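Here the protein sequences come in this chain order: A and B. Start counting at 1 in the first sequence, then tack on 16, and there's your number in my numbering. Start counting at 1 in the second sequence, then tack on 13, and there's your number in my numbering.
Keep in mind that the hints were calculated from the coordinates and are not lab data. Misleading hints may appear alongside valid ones.
Said to hold, decoys possible - Below, computed lysine-lysine pairings styled on DSS-like, alpha-carbon distance capped at 27 Å: (1) B:K15 to B:K61; (2) A:K106 to B:K18; (3) A:K190 to A:K106; (4) B:K18 to B:K61; (5) A:K96 to B:K124; (6) B:K15 to A:K106; (7) A:K96 to A:K44; (8) A:K106 to A:K96; (9) B:K61 to A:K99; (10) B:K15 to A:K96; (11) B:K124 to A:K105; (12) B:K18 to A:K105; (13) A:K105 to A:K190; (14) A:K96 to B:K18; (15) B:K124 to A:K44; (16) B:K15 to A:K105; (17) B:K18 to A:K99.
Said to hold, decoys possible - Which chain B residues face chain A? A few, computed with CB under 7 Å, are given here: (18) L25; (19) I29; (20) F32; (21) L33; (22) L35; (23) P38; (24) S44; (25) F52; (26) L55; (27) H56; (28) L60; (29) Q64; (30) M76; (31) N90; (32) L113.
Keep in mind it's a predicted model, so treat the numbers as computed, not measured. Ideal Cβ positions, reconstructed from N, Cα and C, are used throughout, including at glycine.
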Amino acid sequence: MLETLSINPYFGIILSFSFFLLGTVLHKRWPIPIFNPLVFAISSIIILLLLTNIPYGSYNVGGRFINLWITPATVALAIKLEKNFDYLKKYYTAILSGIALGVIFHTVILIIVSIFFQFSPDMVATLFPKSVTTAIALGVSESMGGIVSLTVAIVVFTGVLGTIVGPPIFALLKITDPVAQGVALGSSAHAMGTAKAIELGDVQAAMSGLSIILTGVIIVIFAPFAIEIIALLF
Amino acid sequence: MKQLKQLFWILLFSFIGEFLSLISPVAVPGSVIGMVLLFVALHFNWLKLNQVEEVGNFLTDNMAIFFVPAGVGLMTNFGILGDVWWQLLLTIVVTTTLMLGFVGLVVQFMKRRAEDSSKDSKEMT
Chain A
17 MLETLSINPY
27 FGIILSFSFF
37 LLGTVLHKRW
47 PIPIFNPLVF
57 AISSIIILLL
67 LTNIPYGSYN
77 VGGRFINLWI
87 TPATVALAIK
97 LEKNFDYLKK
107 YYTAILSGIA
117 LGVIFHTVIL
127 IIVSIFFQFS
137 PDMVATLFPK
147 SVTTAIALGV
157 SESMGGIVSL
167 TVAIVVFTGV
177 LGTIVGPPIF
187 ALLKITDPVA
197 QGVALGSSAH
207 AMGTAKAIEL
217 GDVQAAMSGL
227 SIILTGVIIV
237 IFAPFAIEII
247 ALLF
Chain B
14 MKQLKQLFWI
24 LLFSFIGEFL
34 SLISPVAVPG
44 SVIGMVLLFV
54 ALHFNWLKLN
64 QVEEVGNFLT
74 DNMAIFFVPA
84 GVGLMTNFGI
94 LGDVWWQLLL
104 TIVVTTTLML
114 GFVGLVVQFM
124 KRRAEDSSKD
134 SKEMT
């Protein structure tokens, strides 16, 4: 009975919606990282499937219908880019060089840490796009030969971490400029960083949203070079 | 009807993006190509904001839920994670924290320098 039910597409869909919505309610009441709706939904569903011995494939019969919407949602980010284009025009040198240098800096640190831990090339490819929005990270990781589902988990964790460490780092390094705060959050912690930026202010929110897209595009442009560097070093 | 039309435009750009990604020699995700194309269309007013805005905002504002299935896919990788999970965790903490601080400092520095120089040039004239 359970087996036939679990391969019905609605099983995966309802499971995803239920735990995500439950996470939303819990996160509103107790705003701690484990109740972040995405974190909560992913971890609860994994635990549930493992406990009931339902394979991922059965869940994903419905899951892939949800997965399908990642591309249109990413395409729709163009609307936010168009709406915040004035900011970009005004501060483009600071924003673009900040993000481009940030991506290079991140790659260098990642390579140093990866050599230290002796990670495999697949693992470096899996980690490389971790600071961009999941949809783009997924595509980049796949094209570089990374482990896609692991990239998703890493991206989510990076986002959660960015929202936690963001404000203390701004205080420590005296980063008080709202544009700088927004770009830092959006470029290193994507949409979740943007959720934190919305709490900090309107300018931060707009800049963070804009940075998600710019970082994504810069990472996509930079990825082929990163593949060469990784092939050379690992 | 209005929402249906808006959805049509977004799906059309998604499809064009996926198609171009397929025939492109460099590895660029179709979603990114679609996004850039939609941005160009909006920016040059070939397509008006109100022709996509409502459905587009619904999709981006609720984007997180679409990643649930991909994230649950992590359970198929538990084997790989076995020995390296703490190293991965440490890597993420170090790289994310450093990048956040670095980008913030660079942007703040460059923006202030640009503002100072524009102030200086005004004072001189």
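Verification of the supplied hints:
{"no.": "1", "hint": "B:K15 to B:K61", "result": "holds, 13 Å"}
{"no.": "2", "hint": "A:K106 to B:K18", "result": "violated, 34 Å"}
{"no.": "3", "hint": "A:K190 to A:K106", "result": "holds, 23 Å"}
{"no.": "4", "hint": "B:K18 to B:K61", "result": "holds, 12 Å"}
{"no.": "5", "hint": "A:K96 to B:K124", "result": "holds, 22 Å"}
{"no.": "6", "hint": "B:K15 to A:K106", "result": "violated, 34 Å"}
{"no.": "7", "hint": "A:K96 to A:K44", "result": "holds, 25 Å"}
{"no.": "8", "hint": "A:K106 to A:K96", "result": "holds, 16 Å"}
{"no.": "9", "hint": "B:K61 to A:K99", "result": "holds, 12 Å"}
{"no.": "10", "hint": "B:K15 to A:K96", "result": "holds, 20 Å"}
{"no.": "11", "hint": "B:K124 to A:K105", "result": "holds, 13 Å"}
{"no.": "12", "hint": "B:K18 to A:K105", "result": "violated, 31 Å"}
{"no.": "13", "hint": "A:K105 to A:K190", "result": "holds, 25 Å"}
{"no.": "14", "hint": "A:K96 to B:K18", "result": "holds, 19 Å"}
{"no.": "15", "hint": "B:K124 to A:K44", "result": "violated, 36 Å"}
{"no.": "16", "hint": "B:K15 to A:K105", "result": "violated, 32 Å"}
{"no.": "17", "hint": "B:K18 to A:K99", "result": "holds, 21 Å"}
{"no.": "18", "hint": "L25", "result": "violated, 9 Å"}
{"no.": "19", "hint": "I29", "result": "violated, 9 Å"}
{"no.": "20", "hint": "F32", "result": "violated, 12 Å"}
{"no.": "21", "hint": "L33", "result": "violated, 12 Å"}
{"no.": "22", "hint": "L35", "result": "violated, 12 Å"}
{"no.": "23", "hint": "P38", "result": "violated, 10 Å"}
{"no.": "24", "hint": "S44", "result": "holds, 4 Å"}
{"no.": "25", "hint": "F52", "result": "holds, 4 Å"}
{"no.": "26", "hint": "L55", "result": "holds, 4 Å"}
{"no.": "27", "hint": "H56", "result": "holds, 6 Å"}
{"no.": "28", "hint": "L60", "result": "violated, 10 Å"}
{"no.": "29", "hint": "Q64", "result": "violated, 10 Å"}
{"no.": "30", "hint": "M76", "result": "holds, 5 Å"}
{"no.": "31", "hint": "N90", "result": "holds, 5 Å"}
{"no.": "32", "hint": "L113", "result": "holds, 4 Å"}
Against the hints set out earlier in the document, violations occur for numbers 2, 6, 12, 15, 16, 18, 19, 20, 21, 22, 23, 28, 29.
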